[in-house]
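Here the sequence shown stands for residues 1264 to 1641, where the numbers follow my numbering.
Be aware that one or more of the hints could be misleading.
Claimed, not checked - Here are the computed lysine to aspartate or glutamate pairs in the EDC-like style, where the Cα-Cα straight-line distance is at most 20 Å:
#1 Lys1301 to Asp1267
#2 Lys1301 to Asp1329
#3 Lys1565 to Glu1544
Hints are computed from structural coordinates only; laboratory data are not their basis.
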Amino acid sequence: MFEDAVQVKASDIHIEPGEKILRIRLRIDGVLHEQIVKEKSIASALALKLKLMAELNIAEKRLPQDGRFNIKVRDRVLDVRLSTLPTQYGESIVMRLLDQSAGILDLDEVGIPEDILKRFRSFLKSPHGIILVTGPTGSGKTTTLYAALSELNEESKNIITAEDPVEYRLPRLNQVQVNYSLGLDFVRVLRAALRQDPNIILVGEMRDQETASIAIRAALTGHLVLSTLHTNDAASSALRLIDMKTEGFLVAAALRCVLAQRLVRRICDQCKEIYELKDHEKFWLQNIRKNAHATAQFHHGKGCMFCNHTGYKGRIGVFELLELTPPMMDALRRHDAEVFSNLAKEFLAGRLLVDNALQLAEIGVTTIDEAIRIAGEV
């Protein structure tokens, strides 16, 4: 099972018991694929083995449990995060696979467009302030943050992270994994971190008002703070902080920029071919790009053995970067969400997530269908 997952570069394994069958599905390039359906008789034995590997309570089948273990597959070390959920027909198990052998990407390898990357790097050089990376679960935020930390990781800097969980180990960093069962939450780690003479602090996620307030206080007292939010786009991130009851003038003073991102699937190079747009796709394109060329050429993958007949192989990020201008800061101080949103929209005109996705579609990296999907998510 793990060998199959590594071979197809799956990010998650789902083990789902049914009434008479056991269904195993792999998430590949963000999409679930049913790989194996076996007799249900092996379900209990498989769940028992995995729970033992994750050091969970094998007698407890009525409550959800979370665990973690490492396994070596094809000379690669996988860090497996396991979650169980009691269902009608038995325990559903989902495992997130993190390839520790893959290493950390450089920022140049993340796929950020050159103009955005140049501006993002300039903010990373700031001695203080908050930099947010935003997007839904599975959008590549962690990859981007670790790439940024890797670039900032110098002998002269003390970097402390508060993570849930620690996904990749970086040398020289003081990485702390929150542990709610012991009362070690983000707030407690942050308060302790501020007494550790840090230059840079990573907060895995700003989940509540108290975490956001301490992070902002850190940013306003000479520290660079990196964190994430689960928001749909860059503009809504600053407003989310205010929704957490954080004072607008503090957000305006601390927030430097917001990098929003998504992942789109790459067209398989082995079965790539020219694609004729359907009428609804042409209509969508004209609405997005008033000056879109009728002769613009798009591509798709017809499906082959190399891409498991999906037409896609791998993923690439699409990005938008919002920099806070003085008028935006003034709107935040006044808690004027409408004015802030309009100013952000003007700033990002032609540089939105969907614009980046469409650019990739126009050069044959992804499909028009993926660009339309991104437009529907924001």
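Structure-based check of all given hints:
1. Pair hint lysine 1301 plus aspartate 1267 holds up; C-alpha atoms about 15 Å apart against a cutoff of 20 Å.
2. Our distance criterion of 20 Å between C-alpha atoms is broken by lysine 1301 and aspartate 1329, whose separation comes to about 24 Å.
3. At roughly 18 Å between alpha-carbon atoms, lysine 1565 and glutamate 1544 fall within 20 Å of each other, so this suggested pair holds.
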